[in-house]
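Asker: Protein chains in written order, with my numbering: chain R, 532 to 857; chain A, 532 to 857.
If you're looking for bench data, these hints aren't it; they were derived computationally from the structure.
Everything hinted at is true.
Copies of the same chain look alike in the list, so a pair counts if it fits in one copy or across any two.
Computed list of lysine-lysine pairs in DSS-like fashion (alpha-carbon distance at most 30 Å, straight line):
{"no.": "1", "residue 1": "Lys634", "residue 2": "Lys677"}
{"no.": "2", "residue 1": "Lys842", "residue 2": "Lys677"}
{"no.": "3", "residue 1": "Lys743", "residue 2": "Lys758"}
{"no.": "4", "residue 1": "Lys609", "residue 2": "Lys677"}
{"no.": "5", "residue 1": "Lys557", "residue 2": "Lys743"}
{"no.": "6", "residue 1": "Lys743", "residue 2": "Lys823"}
None of the values given here were measured: they were computed from a predicted structure.
Below, each chain spelled out in residue letters.
Protein chains: 2
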Amino acid sequence: IIGMMAMTLSSVAADHLPSWNEGATKRAIIEFVENVTEEGSPGFVPPSERIAVFDNDGTLWSEAPLPFQAAFAFDEVKRRVPTEPALAADPMVKAMLDGDIGKLLEGKHHDGLMRILALTHAGMTTDEFDRRVNQWAESASHPRFKRPYLELTYQPMQELLDYLRSHQFECFIVSGGGADFMRVWSERVYEIPPQNVVGSTAQVRYEMRDGKPVLIKTLDQLFVDDKEGKPVGIHQFIGRRPIACFGNSDGDQAMLEYTTIGNPHPSFGLIVHHTDAEREYAYDEKPPASGKLTTALEAAAARGWTVVDMKRDWNQIWSNPDAASN
Amino acid sequence: IIGMMAMTLSSVAADHLPSWNEGATKRAIIEFVENVTEEGSPGFVPPSERIAVFDNDGTLWSEAPLPFQAAFAFDEVKRRVPTEPALAADPMVKAMLDGDIGKLLEGKHHDGLMRILALTHAGMTTDEFDRRVNQWAESASHPRFKRPYLELTYQPMQELLDYLRSHQFECFIVSGGGADFMRVWSERVYEIPPQNVVGSTAQVRYEMRDGKPVLIKTLDQLFVDDKEGKPVGIHQFIGRRPIACFGNSDGDQAMLEYTTIGNPHPSFGLIVHHTDAEREYAYDEKPPASGKLTTALEAAAARGWTVVDMKRDWNQIWSNPDAASN
Ligand SMILES: [Ca+2]
Ligand SMILES: [Ca+2]
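Same shape as in the complex, but just chain R (with noise of 0.2 Å):
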């Protein structure tokens, strides 16, 4: 009965990943997912345990020829500057309209790419923030693919967010994007609810405005949700050690080894490298903008980490298009 139970197990998870090829790296990610959900198994998680915690930019959804939420932040200044004389005048905002990467990137701190941040989320309400990122979602579209931002998410990774919730695993992203960014959309996009979402923070401060309590967004105690900020946050946030691990970059590498190296657990890590030039993009350790991978590539056999082959390993790269919009 128990052969049966495995089998049966087996089949069903062979069906929750279509988009992924026949080969090592479908079979390590089954494997695992079976040695620690099968009762009895050697490996067993209780359901509680099962955190699996997902990188954002590259890892679930596109990340070049810009991060996305850089092309936000671009966009808005572009509406806001018709009609905000004194936006248009800021020294930072010129450079970005001339298209003048280099000086916003200038400095220790990128202080032009910050100062364009700071305009385009801080100093207003968060109801008014997500008005403004729902308004660019619904417009906007990638450059090169034609179709709106947030339908550019990786049907394989749609799948594996699937599988992995069917068998009682907690999902949550952990990005260095901005988290109010990702919760206007992560539950729609990805059915990530706001509450699984951990990325780059500021606070907020409470107000009343006519009687009736808003928050504004700021930049202070700015919390930057990357490389050892990862585990940082897993921390701060989730306050459990996943079990499993997925990202495409080495901003990703201390939350692999966080969830990898002396786990009492099993656990898995995985590295989603883009190989597929014609139908994404190529890059590893010279990246169009984000998503630099050296050392956690260098890192990853002798950590166990499965790499994945996006050209070899993947069937079909975009998500199917009702998973965005229902």
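The hints should help you fit chain A with the ligands onto chain R, whose structure is shown.
Answerer: Frame of chain R; chain A with the ligands shown alone:
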């Protein structure tokens, strides 16, 4: 058929709150829950939006004569003093051992108390901290009630948590207490997993020790989840506005306002008023230690918040022993 379903739901609801006496308070809770959860009800709220937030100290468990986390900190200092001469020589530790609480509270930021917290809540790994909290929880007991602290939760509130969860609410703790402290036992005691605990936090530091990742507790970027910090923390950690909020002091007033004023969904606010000196404690403007309740109590009528009269509304105070030990 709809009428029958409503009746059935009402009966089930009544069974869920056996330690609440019949009356206006219990009726208000059930009417709210039925209004937002019954299909076809004018106030129906989809399950994903059913966020409920609970203060902890004085709302889910007792906070007298001292908040239990302060009892932990003091007990930790006492445990370590015999073997740590440097600790014993600390002036604030001396004040604490002499019972000079006034000295600990001197200064704008209660420097002495902060010092005691720093000595007991920072400088060790998160695993070591968890171990200390667990050891304390197993060995310490309340000076008046002679029960382990973890068994001093309120049975009516435990029933309320279960009742809401059985109606597809997601329940969160939103407390001024330390998230790391509460997360050690919140799942065992309340069935609230670590990721649903919002509390005061500071950043940990990620390090590799002997080739293994550890997180070191610090007091850096301390966030105090109290007063206006509560709606701020709700936004930062949950990212969705609650529709139900449960507290017991002026420290909960901002999150009660945020939950109930101008909320597009029907909403519910409740204040636990400690009125039972015989079975627990009676206080509002002059609490034994924490839990001052003046402005929030004054605002309750105008805001439509339900006020629990502990003596009148609860036929049992303490949780059933098995609730805290399973
Ligand atoms: Ca990434
Ligand atoms: Ca309280």
